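So the protein lines, in turn, are chains A and B.
Position in the first sequence (first residue = 1) + 1166 = this note's numbering.
Position in the second sequence (first residue = 1) + 1166 = this note's numbering.
Please note that the accuracy of each hint is not assured.
For identical chains, the list gives no copy identity; a pair is met inside one copy or between any two copies.
Stated by the list, open to error - Cut-off 25 Å, straight-line C-alpha distance, at most; resulting in silico cross-link-like pairs (SDA-like, lysine to any residue): (1) K1198 <-> D1169; (2) K1198 <-> P1398; (3) K1361 <-> E1278; (4) K1361 <-> R1345; (5) K1198 <-> L1328; (6) K1198 <-> A1397.
In case anyone wonders, no lab produced these hints; they're calculated from the structure.
Predicted, not measured: the structure shown is a model, and the values here were computed from it.
There are 2 protein chains.
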Amino acid sequence: MSDRRMSPEELEAALREIGATRYHNLHPFHRKLHGGQLSRAQVQAWALNRYYYQSRIPAKDAALLSRLPTAELRRAWRHRLEDHDGTEPGTGGIARWLKLAEGLGLDRDYVESTIGILPATRFAVDAYVAFVRERSLLEAVASSLTEMFSPGIIAERISGMLAGYDFVTRETLAYFTPRLTQAPRDADFALAYVKDEARTRETQEAALAALRFKCDVLWCQLDALYFAYVAPGMISPGAFVPDGHAPGALAHGTAA
Amino acid sequence: MSDRRMSPEELEAALREIGATRYHNLHPFHRKLHGGQLSRAQVQAWALNRYYYQSRIPAKDAALLSRLPTAELRRAWRHRLEDHDGTEPGTGGIARWLKLAEGLGLDRDYVESTIGILPATRFAVDAYVAFVRERSLLEAVASSLTEMFSPGIIAERISGMLAGYDFVTRETLAYFTPRLTQAPRDADFALAYVKDEARTRETQEAALAALRFKCDVLWCQLDALYFAYVAPGMISPGAFVPDGHAPGALAHGTAA
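For reference, chain A alone in the conformation it holds in the complex (with noise of 0.2 Å):
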């Protein structure tokens, strides 16, 4: 490691690097799920375990939020917790990930209850949000960063799910429309921040290191529901087993 400051466009350049090489968008897993290679069981799984992390997502932000020193910077960060807690009942990302879910056979009382999903999902959702919790501001803002990589990722989905499964609509997906605009401005505000705070090499590399423990966290999930759902297929104890599978029949490429 270099102790030269970089410029906020090398800081910049770095942050593209990390999602370039450690981005979820590379795990096997996604590679499956957009590529129409999944069973409907497998993508049940996902979206159950994913909405946990949906869930918690507000409580991430709240926690930022409280952290934030300016009514300014407060207000840029509040509609996060509007876009996905919504307005009334029934609106926001948590409702619509809820239909997505109840769009591919799952229970929502069930999913909402998250009974079902794997530990691993819970400790790296918790581990997120106790990081935005105890590390710097700056940190916990570069944390975020993660939505510069996601337009991409997000149309990859929406086109490789229609495609490649006949149990999944558009209304079903309708999760990620909003997230296509949505998460480019915020990632624009948080890039800015980030770029602006980040004034010596010691905090640019935290602000490195803080990206690369969020791809980390989405990583960490998808290789839970690889091992679980597609190979070997061992199921931890207690976590969701999809309709018609004995625990541990996944392993032996019964999967439906």
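Put chain B on the given structure of chain A with help from the hints.
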């Protein structure tokens, strides 16, 4: 779930039933480890990742100690810190684990840095420390009760690893010998506490859930090791890659 309060004996039986069905001695990774079926590289990965768990146990015990209300209880818990951190440099469980890792051919500084561990290891272990900090004292104590089940796994590990691996010596496994007496003593104390303090069905269920949570923490670490280093052999970006293995090579059955 019945609403009836369990007798202390029934509660103990329910706790033991969790061990019989969810303790990590049942995990395929441990069955391979103890059966002599892993390569040296795979045993190294286990020792490297498990070091992070060992290194955080005193943080967990100090957090619990800080919440105990009486000198008597604190004295009873305090020796756990001594067991792990030792009385002088080079003594205690963490130092013995480092010797185990070195005995397997790992660099001591690399192990202590924890830079090569799997993200899932970090998330699971950190979840355990956070649980002990944040949940009720009863749940914190109950989460330690996996020690009720550890003498069996340790005895099996020592004999299995000595018989199965020519690169493992009795000296390398010196970590485990004191644990054969420490763990039952600690478990007896914690079990008596839980049986005494869990006086309603609700708190009894919370104690059972805490032990299930702890089993998940241990199980999840082995899932991640299996996924990265056994099958399919997908090593997380930045994590330990054994000597002579290109990333992903383990996925194709080329483990040394």
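Hints and how they fare:
1. K1198 <-> D1169: neither (41 Å within a copy, 45 Å between copies)
2. K1198 <-> P1398: Both: 15 Å inside a chain and 15 Å across chains, each within 25 Å.
3. K1361 <-> E1278: Neither: 37 Å inside a copy, 32 Å across copies.
4. K1361 <-> R1345: This pair counts as within: shortest intra-copy Cα distance 23 Å, inter-copy 50 Å.
5. K1198 <-> L1328: Result: close within a single copy only, 13 Å intra versus 41 Å inter.
6. K1198 <-> A1397: Both, since 12 Å and 17 Å are each at most 25 Å.
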